[in-house]
Amino acid sequence: MSRWGPGTSHRGRRIDRRGDPGATRPGVRQVTWAALRARRPVVARLAGWSVVEALPALLSGALVARAVDEGFLAGRPGVGLGWLGLLAGAVLVGAVATGRTYRSLGAVVEPFRDELAARVVRAALRDATRAGGRADSAAAARLTHQVELVRDTFAGLLMVTRGFLFAAGAALLGLVALDPVVAALVAAPLVAGLAVFLAALPAMAGQQRRYVRAGEELGRAGASALSGHRDVRACGAAGRVVADVGRRVADQAAAERILSRMSAVRSLSIGVGGWLPLAVLLLAAPRLVDRGLTAGALLGALIYVSTGLQPALHALVQGVGGGGLRYVVTLDRILRTCPDPTDEPSPQRDAPTPTAAPSGRPDEQSSGAPDPGPPAGPGGTEPAVRVRGLTFRYGAAARPVLADVTLSLPAGEHLAVVGASGAGKSTLAALLSGLLAPQAGTVLLGGVPVAGAPPSALARLRVLVPQEAYVFTGSLADNLRYLRPEADDGTVSDAVNALGAGALAARLGGLDGAVTPGALSAGERQLVAAVRAYLSPAPLVILDEATCHLDPAAEAKVEDAFARRPGTLVVIAHRITSAVRARLVLVVDGERPVAGTHEELLDRSAAYRELVGHWDDRPTPAPARRG
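FYI, the numbering for the sequence shown is 7 to 633, going by the working numbering.
Hints were generated in silico from the structure; no laboratory data involved.
Each hint should be verified, as a subset may be incorrect.
As the list claims (entries may be wrong) - Simulated DEER-style distance windows between Cβ atoms: (1) VAL99 with GLU223: 47 to 55 Å; (2) ILE264 with ALA183: 43 to 51 Å; (3) ALA80 with ALA44: 51 to 59 Å.
Fair warning: this is a prediction, and the values are worked out from it, not measured in the lab.
Don't be surprised by glycine CBs; every beta carbon is placed ideally from N, CA and C.
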């Protein structure tokens with residue numbers, strides 16, 4: 007039999023919904039390197055074409071030196087033009103390689119952008135669909151602005167970094183070939199300029215973070231003001247709301263002004279590392295010539311600095327100092343606000359991870375300690391649902407929605423959960439299905455702990471149908487087979503008829519008919535979702551007001567079909583008829599639910615009698631007084 011009541015109290019550690027507070031999440035560096043490692047062949051191809059692209063930077067100074075010394079100064083202009091012709095050929099080869107680098111760049115950047123977009127969408131859907139959750143207005147800014155910003159800046163960062171490495175490296179090799187002393191004179195201020203830039207990067211990153219946060223806060227404030235403008239006007243709070251939005255605008259403007267002022271540091275780096283080498287070469291020119299440096303070699307050195315090192319340094323400083331900082335800060339913001347379940351440890355590390363047996367049924371797991379919980383179902387089998395000491399609250403200081411409760415449902419039970427709006431019915435459904443993690447207590451489905459179970463394992467244990475049914479564009483068969491792709495047409499047709507969806511299927515043109523979500527009513531979408539759940543192989547079905555848009559007759563047909571389906575059924579009810587049809591009724595009224603049959607609860611639960619009277623819209627006779 008089923009039992010609901012106080013369980014053994016035990017204190018559970020508070021777990022944030024984004025994971026274990028002590029857990030580490032991947033940072034910008036790890037995610038970036040992972041994206042590059044995942045596309046090693048493309049990155050290698052990009053590096054190869056970058057070597058070819060750097061050919062003009064490697065040869066320019068040396069060829070110009072030969073053209074001057076062996077050609078024009080020697081009175082042999084044809085020889086000089088020949089050397090310059092070789093340089094022109096190298097430039098053409100480098101131009102072809104530049105086009106190839108952009109092709110390779112797209113093969114690295116676009117998949118990375120798609121991965122980030124998927125991460126943002128998953129996080130937004132998880133937050134919006136969890137019990138008590140709501141849509142985050144900043145998610146739209148992350149998807150439409152921040153993801154594209156990361157994409158563009160990631161591409162720019164790759165281009166300027168590999169450009170500096172290959173172009174500056176080629177120019178320095180050319181300088182060493184001309185004269186090692188000249189190379190040393192040029193390298194010293196170049197390193198100094200880089201050091202100035204790198205030292206200022208942390209402060210630049212801090213200001214960039216402030217700018218991004220200010221933009222998000224402005225978006226939230228603006229969205230709140232627009233969505234609630236009627237209430238704002240009704241309450242006479244327009245001035246206060248406008249002032250609040252104005253402060254957000256001022257904060258963002260101040261952050262942007264500070265960022266623009268910090269561009270002076272980038273200019274200093276370019277001046278020291280890019281222009282100072284030219285001045286050093288010109289000042290040292292007389293002594294270099296005295297020690298044997300030719301005019302052509304001196305001109306070649308100046309060309310290496312002016313056309314190789316200086317543009318490469320300028321691109322690096324401007325690219326990293328601008329786009330690179332935006333990349334680091336924006337990507338870090340996405341990683342913080344959009345955690346990916348595959349990146350994080352399970353919320354409760356001490357809970358074992360379930361595994362799937364070859365038959366597809368979850369293996370039973372042991373927590374390592376004897377379980378003195380509720381008794382097993384008939385015949386000593388594991389209950390379909392077992393809850394022990396469950397406590398949940400929305401927020402650390404909030405009163406518990408459920409407090410220290412215990413439930414045991416044997417396989418095949420039909421439970422209806424009733425209660426006033428906001429009493430915690432949907433919260434209980436989310437806890438049973440693993441969408442919420444309790445502050446204390448455990449939930450086991452078929453002996454498998456819900457906490458820490460991967461989505462694939464939970465999908466084999468239970469199916470949850472929420473009030474707002476989800477259907478997607480495609481054929482009706484694709485929608486219905488979503489949880490059981492191998493189901494044949496006969497099985498699908500039987501399920502359609504069992505739940506009373508035959509008329510809908512006929513109107514759509516049969517199983518091959520096209521489904522357009524916007525063309526279906528809310529009740530029709532619920533029928534599609536109900537058939538999909540009915541076909542699911544999961545032994546536990548949770549209907550969270552999943553038939554609220556159906557008329558009473560259609561709702562009765564759906565619930566009767568699920569009651570005849572092998573397995574366990576939990577119905578979050580919104581009509582009293584759902585409770586009458588169930589073998590067991592659970593009244594959620596305050597922290598401690600009360601269970602019993604419909605007749606038993608009419609006798610001993612004032613809250614249930616009140617609900618029945620409200621739903622029936624007629625007075626409910628008081629139970630006879632027992633002598």
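How the hints compare with the structure:
1. VAL99 with GLU223: 47 to 55 Å: Distance hint for VAL99, GLU223 holds at roughly 50 Å.
2. ILE264 with ALA183: 43 to 51 Å: About 44 Å separates the Cβ atoms of ILE264 and ALA183, which means 43 to 51 Å holds.
3. ALA80 with ALA44: 51 to 59 Å: Holds, since ALA80 and ALA44 (Cβ atoms, about 55 Å apart) stay within the stated range.
The earlier numbered hints are all upheld by this structure, with none contradicted.
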